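Taken in sequence, the protein lines are chains B and Y.
Take 24 as the starting number for the first sequence in the working numbering and just add one per residue.
Take 66 as the starting number for the second sequence in the working numbering and just add one per residue.
It is worth saying that the hints were derived from the structure and are not from the lab.
Careful: at least some of the hints might be erroneous.
Stated by the list, open to error - Computed footprint of chain B on chain Y, listed as stretches where at least three residues anywhere in the stretch have a Cβ under 8 Å from a Cβ of chain B:
1. 145-155
2. 158-165
3. 170-181
Computed from a predicted structure; not experimentally measured.
Beta carbons: idealized from backbone N, C-alpha and C, even for Gly.
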Amino acid sequence: MNFLLEPLQYPFFVRGLVGVSLVAGLCGVIGVYVVLRGLSYIGDAMAHAVFPGIVGAFLLKTNTLFGGLLAAILTSFGIGFVTQRSGLKQDSAIGIIFVGMFALGVVLLSSVKTYAVDLSRILTGDPLGISSADIWLTLGLGVVVGLVLLAFNKELLLVAFDPTEARVIGLPVNRLNNLLLVLIALTVVLAIQMVGTILVVSLLVTSASSARLLTARVSTMMMLGAAIGVVSGVLGLYASYHLSIPPGATVVLTNTFFFLLVLLLRRRGDPARV
Amino acid sequence: MPQTLPTTKRFPKDHSHQLLNVTDLVVSYGETPALTGVNFHLCPKEFVAIIGPNGAGKSTLLKAILGLTKSSSGKIEFSSELGANPTQAISYVPQQQSLDWSFPVTVRDVVMMGRIGRMGWLKYPNGNDRHVVELALKKTGVSDLSNRPIAALSGGQKQRVLLARMLARESKLLFLDEPLTGVDSKTQDSIFEILEAERASGKALLMVTHDLEAARTWCSHLMLINRVVIAAGKPDVVYTAKNIEATFSSGY
Numbered sequence: 024m025n026f027l028l029e030p031l032q033y034p035f036f037v038r039g040l041v042g043v044s045l046v047a048g049l050c051g052v053i054g055v056y057v058v059l060r061g062l063s064y065i066g067d068a069m070a071h072a073v074f075p076g077i078v079g080a081f082l083l084k085t086n087t088l089f090g091g092l093l094a095a096i097l098t099s100f101g102i103g104f105v106t107q108r109s110g111l112k113q114d115s116a117i118g119i120i121f122v123g124m125f126a127l128g129v130v131l132l133s134s135v136k137t138y139a140v141d142l143s144r145i146l147t148g149d150p151l152g153i154s155s156a157d158i159w160l161t162l163g164l165g166v167v168v169g170l171v172l173l174a175f176n177k178e179l180l181l182v183a184f185d186p187t188e189a190r191v192i193g194l195p196v197n198r199l200n201n202l203l204l205v206l207i208a209l210t211v212v213l214a215i216q217m218v219g220t221i222l223v224v225s226l227l228v229t230s231a232s233s234a235r236l237l238t239a240r241v242s243t244m245m246m247l248g249a250a251i252g253v254v255s256g257v258l259g260l261y262a263s264y265h266l267s268i269p270p271g272a273t274v275v276l277t278n279t280f281f282f283l284l285v286l287l288l289r290r291r292g293d294p295a296r297v
Numbered sequence: 066m067p068q069t070l071p072t073t074k075r076f077p078k079d080h081s082h083q084l085l086n087v088t089d090l091v092v093s094y095g096e097t098p099a100l101t102g103v104n105f106h107l108c109p110k111e112f113v114a115i116i117g118p119n120g121a122g123k124s125t126l127l128k129a130i131l132g133l134t135k136s137s138s139g140k141i142e143f144s145s146e147l148g149a150n151p152t153q154a155i156s157y158v159p160q161q162q163s164l165d166w167s168f169p170v171t172v173r174d175v176v177m178m179g180r181i182g183r184m185g186w187l188k189y190p191n192g193n194d195r196h197v198v199e200l201a202l203k204k205t206g207v208s209d210l211s212n213r214p215i216a217a218l219s220g221g222q223k224q225r226v227l228l229a230r231m232l233a234r235e236s237k238l239l240f241l242d243e244p245l246t247g248v249d250s251k252t253q254d255s256i257f258e259i260l261e262a263e264r265a266s267g268k269a270l271l272m273v274t275h276d277l278e279a280a281r282t283w284c285s286h287l288m289l290i291n292r293v294v295i296a297a298g299k300p301d302v303v304y305t306a307k308n309i310e311a312t313f314s315s316g317y
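Just need the whole structure built from these sequences, with the hints factored in.
Encoded structure:
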């Protein structure tokens, strides 16, 4: 019992617990779309591309969430601009923009004296370092993302399953795709605080993938994805406290462990599954 | 060469109540015309089969009418009873293999997707939506599969589910792209029975197929195409050795 209660006397641990639960739960839900649409590459790109925004905000001593969001929006426009003007395929445009933005972030950060420490914080996350203001902002944005998803769920699902039918019945397919990208970008920016740039894609993809192995219904998949995200977030944070290992990476490892467990334990050859 | 054949054959009579009227339609992919000189109209209680070899432009014709593919010239007119956005009032059954059947939804979920256009934004299914969906499931004989994940269906069952979604749209105009692929002959007959019931109830159907025999048996009109319309009309008029030869053994 002490094992569970002892860390709770530290406010930073409680804040980390709340923050990680919120973000991991949200990632589990939005991750369902990332997995079903095959967007994990875009999620990863987004995570790298918001890096200079976070660093810039850090240097200007403003909120890193806003910096990240600004960079995410610029990146989305940048990818669209490069794709249209160059005629290159979208994955090339994404590759060019996301690595370029990431490099810009590294250069910006190198101007800071505590370069190495801050770099590793941003790369692998710092859930125990978040402020109560960050928690409220995370909660607010998380609720917005959740409500938008709830409002447009049936349209987003139809676009994912049968985009032609969506066009036939007159849905604005391009706008819905952009909406989904914005929601993914918001989630990524929130998640970077917790697990850092490099590990975000795991949170976005792993919980939802575990859920996919357990169910053949989208609604159940979203609930399971959120639940798996929250449980691995909480367990990971406790493990990190007691074993004195990096919290962001431990959360991701716990999540990965859950996935492997589900993968090994599931019945093979069930046609209802992937 | 097919170009020498008449390209302006129209279905006979009854201009009074056309749901769809296509005049001199041309569809091109880049410089290459995929389809030229298509003229026909479609009335309630007509079941038209578009027949031709691969690459003849069959699916292209459906997609051009739906506005999914741009036509280069010609006119596509709809009856005012289809409303302000007529293409959105067409129920379209895509080729089965064009969909991702590993998608984690149940049979009922897919059929309910047919109601999205009618529900509108920010709405959830109401009692009527659920009633229409159950009826569609029943008519197509998949009620007992309704909670099953679509990944667990056979080819024939998948086709029935797509038909059920089509019925749930409650459209007057039904477009079907190769609804007989991956289907055994028993299922094929029951699919045609479902479609015939729709026709008899006043719907108009346009079906792409390469199954000439089945189309001849079940459809009210045939349209033989191979980049141009080779012949169109009632089956006993169109189904001649000369027309079939011209459709399937052209120089393309």
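Legend entry - Violating hint indices (sorted, rising): Nothing - there is no hint that the structure violates, so all of them hold.
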